[in-house]
Amino acid sequence: MRNIFQSRVSGTLLKTVFLGALDGIAIWASVQLFLQSEVGFAVALLIGAAVINYVFLSQKTYPVRYMVPGLIFLFAFVVYPIGYTFYLSTTNYGTGHILNKSQAIESLETQYYQPENPTSYTFNAYENDQGKMKLLLKSGTDENLYLTEGKKLKEVNQGSDRLVDTDGDGTIDRIGEYSIMTRTEVIRSLQTLQEWRPKSGKVSLQMSDLNHFQEQIAQYEYIESREVMKDRRTGEIFKPVEGTFVSTTSNKKLQPGFKASVGLENFIRIFTDPLITGPFFRVFTWTFIWAFMSVLTTFALGLGIALLLNDDQLSLKPLYKGLLILPYAIPAFISALIWRGFFNTNVGIINTKILQPLFGIAPAWFQDPILAKVAVLLVNLWLGFPYMMIVCLGALQSIQPELYEVAKVDGASPFQQFRKITFPLLMVSVAPLLIGSFAFNFNNFNIIFLVSRGEPPIVGATTAGSTDILISYTYKLAFGGQGATQYGLAAAISIIIFLIVGTISAVNFHYTGALEEMSENV
Amino acid sequence: MKKSLIIVLSLTLVLGTVFAASAKQAGVLEIWTDKVRYEILKPIASDFEDDYSVEVELSQINYDDIRSKFNKAAPSEEGPDLLIGAHDWTGELAQNGLLEPITMSEDLKGQFTEVSLDAFTYNGEIYGLPYSMEAIALIYNKDLVEKEPETWAELMTISKNLTNPEKKQYGFVFPGTGDPYHTYPFLSAYGGYIFQYDGGFDPNQLGLTTEGALKGLRKLDTMYEEGLIPQGIDYSTSQGLFTEGDAGMWMTGPWAISGIKEAGIDFGVMKMPPMDGNQPKPFVGVNGFYLSAYAEDTVLANEFLTNYVATEEVMAKLYEEGNRPPVYKPVRQKAKDDPTTAAFLKSASVGMPMPNIPEMNATWGALTDKLQLISQQKQEPKAAMESAEEIITQAIEKGEY
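In order, the protein sequences belong to chains A and B.
Using our numbering, you'd call the opening residue of the first sequence number 1 and step up by one each time.
Using our numbering, you'd call the opening residue of the second sequence number 1 and step up by one each time.
The set of hints was computed from the structure by calculation and includes no laboratory data.
Treat the hints with caution; some may be incorrect.
Unchecked claim - Below, in silico cross-link-like pairs of lysine to aspartate or glutamate (EDC-like), each with a Cα-Cα straight-line distance of 20 Å or less:
| no. | chain 1 | residue 1 | chain 2 | residue 2 |
| --- | --- | --- | --- | --- |
| 1 | A | 101 | B | 78 |
| 2 | A | 252 | B | 397 |
| 3 | B | 317 | B | 47 |
| 4 | B | 398 | A | 273 |
| 5 | B | 378 | A | 368 |
| 6 | A | 101 | B | 77 |
| 7 | B | 398 | A | 242 |
| 8 | B | 147 | B | 266 |
| 9 | A | 476 | B | 397 |
| 10 | A | 353 | B | 166 |
| 11 | B | 72 | A | 38 |
| 12 | B | 109 | A | 209 |
| 13 | A | 476 | B | 65 |
| 14 | A | 476 | B | 64 |
| 15 | A | 253 | B | 125 |
| 16 | B | 72 | A | 106 |
| 17 | A | 101 | B | 100 |
| 18 | A | 253 | B | 397 |
| 19 | A | 152 | A | 221 |
| 20 | B | 35 | B | 65 |
| 21 | A | 353 | B | 244 |
| 22 | A | 101 | A | 38 |
To be verified - Covered stretches of chain A (chain B as the covering partner; in silico rule of three or more C-beta atoms under 8 Å from a C-beta of chain B):
| no. | stretch |
| --- | --- |
| 23 | 183-195 |
| 24 | 208-214 |
| 25 | 340-353 |
| 26 | 364-370 |
| 27 | 462-473 |
All values derive from a computational prediction rather than experimental measurement.
Glycine residues also receive a C-beta, built at the ideal position from the N, C-alpha and C atoms.
Extracted from the complex, chain A is given alone in its bound form:
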């Protein structure tokens, strides 16, 4: 009785500490998010925290407690990214369209141009007891003095009695209640100084370095009521079109543009742009062949070795198993790069140490489209068979030995035993994994990108290479250059691939269900 009581108390204590910490973090994080004006995230966070509190404090929702953490992670790491990808695919997010609209407008409005001969002003800053500041600027051309009145600039007379030089060194030390600031104080107020931009007319003065202000004229003006941008210098009007301000009179576009919704533009582009559609069918076909052949070769080799290892007469089994699992244990990144070196036509050891001395041939591995395909399949075979071997070894153990005894009595040959007993029973547990492996290889970006890089290129005006699969082709399209970033387009293609792999998975589930039914009958 006492034990139960104790565990209940410590359970409650644990719960309260846990919830308290969680709420503390949630409140702090949502305040931070509000401050960064991420209202959506902040609200979502608070609602999430409230739901967790309710679930854990109410007795009614007791059973839900076990599901809530999983559901939250499902939402955060699966549902949200998919939704965000969908959203991105309908935008033009990418080079030149990184900012949001108000940031882009702000960026354009702060593009200044300097008049022909900009006047430079030296300045002194003054501060009163309330911390308010005033600037006294001296024109570099005519030595006239100007004083700030808030954002405005007013000319003052040299001899004005407001300007007091207490120590007589030629520097004005006091202006009314304002007294001069030291250099360190000026530096502390740099941000205020930079954003001050005192104006007279359309000319504004911008701090150019620690000692000077310079004349500048803002080039663009955003006319809020008409939602257009006006060029002050030329009078040209720019209208926002799909995230770019485009001139109404010429084809001039303003930089930067902004992130804007483009509807299904990205998807339409995938299906109509000849640069993309040209090699699409070719890439699509090879992707299927690649995924299918990868599964077939790795499974065949893995199963073959598993059958050998399953033989009772074989000694030193653990040693063989250990050695054969090695390819699986080495990080695929490293082995892929090493294999790329091995296959090098002129200096790789496959040609120089094996094929050349033994057979007198030196195939041009990554220069020939067929050989390049063979090479990537071979590398994937090396990387993939240990997995299949492990899976098959496990599945073989589960087949009842009596079945083989019965078969022997009936006079079945070893091959017949394999075909009629081993293989069908193996497939029951292995088939879903094969379909999973197909889906995995369908998107096996690493091997293609690291081993062949999609090479060799195809002759003609296309960006696809002979060994490019859909995902590596996507990468080339969206990030093809050395920094080109077409996130919108990449998201659209990802969604198409997502649909393809989703269909494969649906078939997988369907097929798995069918096999389970079959195994029940066995």
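Fit chain B to the supplied structure of chain A, relying on the hints for placement.
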């Protein structure tokens, strides 16, 4: 139930306050830098902290990640105030509205070589404070190449004598199979170019199919045809061949030097010899500091660059420890005493700055593919460059870069 609710609420309050109090304070100067520059900037950052009583936060970021990270972080105001980078990012970052021009006095501008400032100039504004410059040159193994080739024809002869594919020995190697950067000297020797330069790069004027470009590429084609350059060579394979003494000449940049020294190869560096009297012009890459448009305090950041980084002491360190030829004139004099640096500088002085316009992004993929087809003898330079131009023009027209 009630009791536990009260406990939860009170704990919430306590922890909430603790977390809120520990939130990051504003008013720091954040700088993104790679590892080498990090060590160099550390002492001056603390000087700056003392002089201006602001906090300087140096973040060490993998160089290759800086560009994409900055693109994502800056608009959400999580980016740095200053960052290091290569000059060819200028167009893209400026077009994205993420850069602030750097304010330099005429005096200070005069301290830098003209080409290094030009490299960072986009739409008439200087967007970077340069610190180093690099260009590829011809590195040769003194044991195999006795006399510096004075012409490309001599280079070809030396190359022929040294090449023996069965023994994996080559006269001339370069990481050139489909590497536009390393192939550019061929493209440019007879006057070819990627984008026409006239005070700025013109994205609508491609020069890949000009007679000059094709003539240079035919020279390259011939070398492949005669088996003088091995197939499918990337940077690491060419490095392997040269550092093991299996290659006589290696066309690459100053980044290769430390590896060669470690391998104990007796080497020399020279600028590429002329082809029929025409100088092959390598791409010049300039490294420098960018100022973010989302910097909290532009003037302060600018101050750090112009008065703390642009000094002889720091620039000398950036040259010595960064192992790249300097662009700051007072240090440049010093660098010329080192024959290796002097040779790379000589090569850079005949080079052309790599285009810094964002449209350059559209060229790499197509050029890589088509240069490979030339090296594999599958296409003549003319046909290959025509299809490259077609792809690049389409991509630029559609804004796909």
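Does residue 317(B) pair with residue 47(B) here, judged by a C-alpha cut-off of 20 Å? holds (16 Å)
Under the criterion that the straight-line Cα-Cα distance not exceed 20 Å, is the pair residue 253(A), residue 397(B) satisfied? holds (13 Å)
Are residue 109(B) and residue 209(A) close enough, with their CA atoms no more than 20 Å apart? With a Cα-Cα distance of about 15 Å, the restraint between residue 109(B) and residue 209(A) holds, given a limit of 20 Å.
Holds or violated: residue 72(B) to residue 38(A), with C-alpha atoms at most 20 Å apart: holds (16 Å)
Count the residues of the stretch 364-370 of chain A whose Cβ falls closer than 8 Å to any Cβ of chain B, and tell me whether that reaches three. This one holds; 4 residues, not fewer than the three required, reach chain B with a Cβ under 8 Å.
Do the alpha carbons of residue 101(A) and residue 100(B) lie within 20 Å of each other, as the hint requires? Given that 20 Å is the threshold and the Cα spacing comes to 19 Å, the pair holds.
CA of residue 476(A) to CA of residue 65(B), is that 20 Å or under? holds (18 Å)
Please verify whether residue 253(A) and residue 125(B) have alpha carbons no more than 20 Å apart. Distance of about 18 Å is within 20 Å: holds.
Agreement of residue 378(B) and residue 368(A) with the hint, judged by alpha carbon distance not exceeding 20 Å: holds (10 Å)
Is residue 35(B) within 20 Å of residue 65(B), Cα to Cα? Status holds; Cα separation ~13 Å.
Mind checking, does the stretch 462-473 of chain A have 3 or more residues with a CB under 8 Å from chain B? holds (count 3)
Three residues or more, CB to CB closer than 8 Å: is that satisfied between the stretch 340-353 of chain A and chain B? holds (count 6)
Going through the hint list in order, the structure satisfies each hint without exception.
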